[in-house]
Amino acid sequence: MKKKRYAMVIDLRRCIGCHSCSVACKAENRVPPGVFRSWVKIIEKGRYPNITRHFLPTLCNQCEHPPCVINCPVQATWKQEDGIVIIDEHRCIGCKYCLASCPYNARYVNPLMPIVQKCYFCRHRVYAGLEPACVEVCPAKARIFGDLNNPEDEVTKLLSKHPFQTLKPEMGTYPQVYYIAADADAMDPFAGRKEWT
Amino acid sequence: MSGMNRRDFIKWGAGGMALLATGLPLEGEPAPLEKGKSISRTTGRMRKSIPSVCMMCPASCGILGYLEYGKVINIGGNPLDPNSRGRLCAKGIAGLNHLYNPDRIPSPLRRAGKRGEGQWKQISWDEAFNEIALRLNALQAEKQHHNFILRNAWDLSSNDLAWRFASAFDSSTTFHHAVLESPNGAFAIHDVSGHSIGVGDVSHTRYILNFGANPYESHYLFVPFIQRLIDARINLGAKMVTFDVRISQTAGKSDEWFPIIPGTDGMVVLAMAYVIASEGLWDREFIERWTNTSPARLLRHLSAYTPKKAESVSGVRASDIKRIAAEFATAKPSVAIGGGGALKHINGTSNQKSILLLNAMVGSLDTKGGFIFPQGYLLDPPDPKPPKSQRMNPESQNLFVRVARGTQPVGVLMTHMDNAVYRGPNSKLISHVLEDESKIPFHVSIDPFLNESNLYADIVLPEAIYLERWDLLSPPPMEGIPYIALRQPIVKPMAHSLPFSEILIELAHRVGGGVERYFRFGKMEHYIEAMIRKIPKLVDAGGIDFLMDKGIWVNSELKPDRKRLKTPSGKYEFEPSLPTYLPIPHHQQLKEGEFHLITFQWNVHSYSQTANCKWLMEIVHRNPLWINEEAAKRMSLNNGDRVKVTSSLGSIVTPVFVTQGIHPRVVALSDSLGRWNYGRTPQGKPFQSQDPETNLLWWGKHGTGVHPNPIIPILQDPLGEGQGWMDTVVKAEKV
Ligand code: SF4
Ligand code: SF4
Ligand code: SF4
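Going line by line, the protein sequences match chains H and C.
Those letters in the first sequence? Residues 0 to 196, per numbering that gives the first Met the number 0, in order.
Those letters in the second sequence? Residues 0 to 734, per numbering that gives the first Met the number 0, in order.
These are computed hints drawn from the structure, not numbers from a lab.
Some hints here could point you the wrong way.
Derived DSSO-like pairs (lysine-lysine); straight-line CA-CA distance at most 30 Å [stated by the list, open to error]: (1) 3(H) with 36(C); (2) 2(H) with 36(C); (3) 44(H) with 700(C); (4) 78(H) with 34(C); (5) 95(H) with 684(C); (6) 40(H) with 700(C); (7) 730(C) with 44(H); (8) 140(H) with 47(C); (9) 44(H) with 321(C); (10) 40(H) with 34(C); (11) 34(C) with 160(H); (12) 558(C) with 140(H); (13) 36(C) with 140(H); (14) 47(C) with 308(C); (15) 34(C) with 2(H); (16) 1(H) with 34(C); (17) 730(C) with 140(H); (18) 427(C) with 643(C).
Which stretches of chain C does chain H cover? Using the computed rule of at least three CB atoms under 8 Å from a CB of chain H, they are [as the list claims (entries may be wrong)]: (19) 73-81; (20) 215-222; (21) 244-254; (22) 627-633; (23) 695-703.
Just so it is clear, the structure is predicted and the values come from calculations on it, not from any experiment.
Heads up, the beta-carbon is just placed ideally off N, CA and C, and yes, glycines get one too.
Just chain H, same shape as in the assembly:
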């Protein structure tokens, strides 16, 4: 069998900004209060009465060139062959070098124990033939998960049919979370309008 290359497509034509994914992730991965593995950024743009809203669910991009991995002094984090970037919680010494190197703020220190954590595409579910928790629950079917090495897979088909974007491409990290119809301002951490919550 061909090697897997896991990726997620987030179709922002569909997303309703409901945070179902944020909460599903909390429940699935027991993510404590104050930190998130998955978060939906919501902005409004324009001048009255020409206003629009834009959503941007974010999570670890499982970068093809992950700077977080390079900077770990004890090799507690690495990229697997299937593309998922993982952390060995037993090796992690909580030094936070990786936190600082991630351009996406995807990592956090667990407030209940001194280890760094982040999204790993619900690997435990994926290997059991299940979708990541945020994908399964999404009411709008905006999140699609799959294998880019499989031309039949929905992620591959979607990316072949539609223009897509990734976050901060200039960082050369090659994210494996792809967006369809993302708003440029929502993707830019500095531009765009204020968040509203």
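Using the hints provided, position chain C with the ligands relative to the given structure of chain H.
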């Protein structure tokens, strides 16, 4: 990815064009990943799951409770549910925060101090039941049955059982039941079609004309409705146009958004109907065949509603009204829907009727892609049933007005998942009434949590939450094929709590005097089985055993078909009085510095029910007042500055959220935050409990919001009896 190497693929990166389709076969479905399962991260074992039904909002999505060592570890969607199709919203998952909430009431409580002081003594169930029975017996002895009032304000699935109890006690005029939709909307739908519920068939539509609904954030069929709406927008290219005073997520994602002066939607709707009629864009045949009015009469009636007049009333340009009306009439099928923004006004019932008329104009009533009337099974509870009550009152605020005025005597007030002080308008009036022992001599509250209202109760009974109890439901089927859903206990009730049903059954027997006759069915399970027995096909499929296993039963032999109209004429009844626009009198002369105050719901909250869920509060906990940037500038307000908002009832002080996304004459405050007695979680400060995570609550320092209801006066639509939530006029000043 044959024919293309990995690097090339990646290079397409940001803003890249679509990959060339060459060499990539597009047909064929990928092997679907499995749904409706859960695996333990630590042991790698698949978890046992029990199907049930969500109750964090009225939509009743099918859920699966995943168990590990006897604890519910997660909640997922039930893929067999034909409405939600295995999807859930944030609230549905956060039901876990209710189940294991550290503030659940530990045992029956008796008031120990004065009403409202929050002093309690734990008592046994036996003591509690006896005291309540004694009080009810006293009413029976004095022949004052009708002074027993039962309010079941939230729990749709218990409406029937609660009605049974109230009617058996012969208190038929004072039973307040939960409603699925806005009372105004439901009243209008019933009046016109004879059906009890109506909803846009958004899966099949090509045009959604939305007056004040916010389905991206909240809808009484939230998850089932929104997923179909999105499908239509993406797969059928359906256009969505929203009229709303505020840039809700729905408005902000619509193809066009028109800010509108609150309460004037009806005017725009009728002006559109006029355009469609006068330009001959209507479906004459449909009007003649299916409505009890005629094109000629309609045209005459509608000619009072010209786009120009509508512009002067609503602020929406006449040219836009004409253009959208023509688009709506020519995109087929199209549907007009109404939500809180149009319905929660004192003219809301006529607005909904006008919206139905607009659908009728283009032949979109009970048609694919139009406005449909999904009817679930009519469940038939066991005999004997108490005699039918004469009148049930859906919106309940007036009860407290009557009590305050002394025109409504009360002997025993029983409230179930009802928080009138928090949920109702004019919170102060309601809390004063509840505090007054001469007005409410005895108040028993049934609820999993202490809240702003049962703070005044004499006895509080700890209720099992929806994950711990039985119910049989048949929600409005979005696909038109009725189905049955079973709510069953995923775990046993926590601590000493009991399900509402068991509390009523036990009470009925203790009260006696004939009440118990209607509760001889035994337990809730038997009550459910009796209803199942009346559906032979379900019995054939395995009855309750089937439901306990799958959670959902769909009668696959039924086909969706056009329903016979239950109106006397067999047609949609817009006559004798065709829908009109009723201006809201006190809106007419707003002075400088005055605003319309409207309320709204956040997508992760539902009214009074969710502020104690840590996962939801973490996402939305502040409740700033939305104000237009223009208006803010005039008042030299910056984001976060505080304003005093004053209505005829008094003032509240709240920080502002300065935005371009709201009508300059409107300020908005959500109705789900700003809790003053709902346990510790809403406060967002760390505390010790059996859940180590409560030590980490953090949002308290950002503020937890102010609640608008204390300054919203009680105002009722005379037709549908719905509260005018969006009709308050306020003054705002910087503090
Ligand atoms: S669950 Fe889906 S629709 Fe909701 S915010 Fe997440 S990606 Fe968007
Ligand atoms: S998003 Fe951050 S944490 Fe995730 S792989 Fe990329 S650099 Fe590492
Ligand atoms: S829409 Fe959300 S809260 Fe409502 S029933 Fe469905 S999952 Fe539960």
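Each hint tested on the structure:
no. : hint               : result
1   : 3(H) with 36(C)    : holds, 22 Å
2   : 2(H) with 36(C)    : holds, 25 Å
3   : 44(H) with 700(C)  : holds, 28 Å
4   : 78(H) with 34(C)   : holds, 27 Å
5   : 95(H) with 684(C)  : holds, 27 Å
6   : 40(H) with 700(C)  : holds, 21 Å
7   : 730(C) with 44(H)  : holds, 28 Å
8   : 140(H) with 47(C)  : holds, 25 Å
9   : 44(H) with 321(C)  : holds, 27 Å
10  : 40(H) with 34(C)   : holds, 27 Å
11  : 34(C) with 160(H)  : holds, 26 Å
12  : 558(C) with 140(H) : holds, 26 Å
13  : 36(C) with 140(H)  : holds, 18 Å
14  : 47(C) with 308(C)  : violated, 62 Å
15  : 34(C) with 2(H)    : holds, 23 Å
16  : 1(H) with 34(C)    : holds, 24 Å
17  : 730(C) with 140(H) : violated, 43 Å
18  : 427(C) with 643(C) : holds, 18 Å
19  : 73-81              : holds (count 4)
20  : 215-222            : holds (count 4)
21  : 244-254            : holds (count 5)
22  : 627-633            : holds (count 3)
23  : 695-703            : holds (count 3)
Hint check: violations occur at hints 14 and 17; the rest are consistent with the structure.
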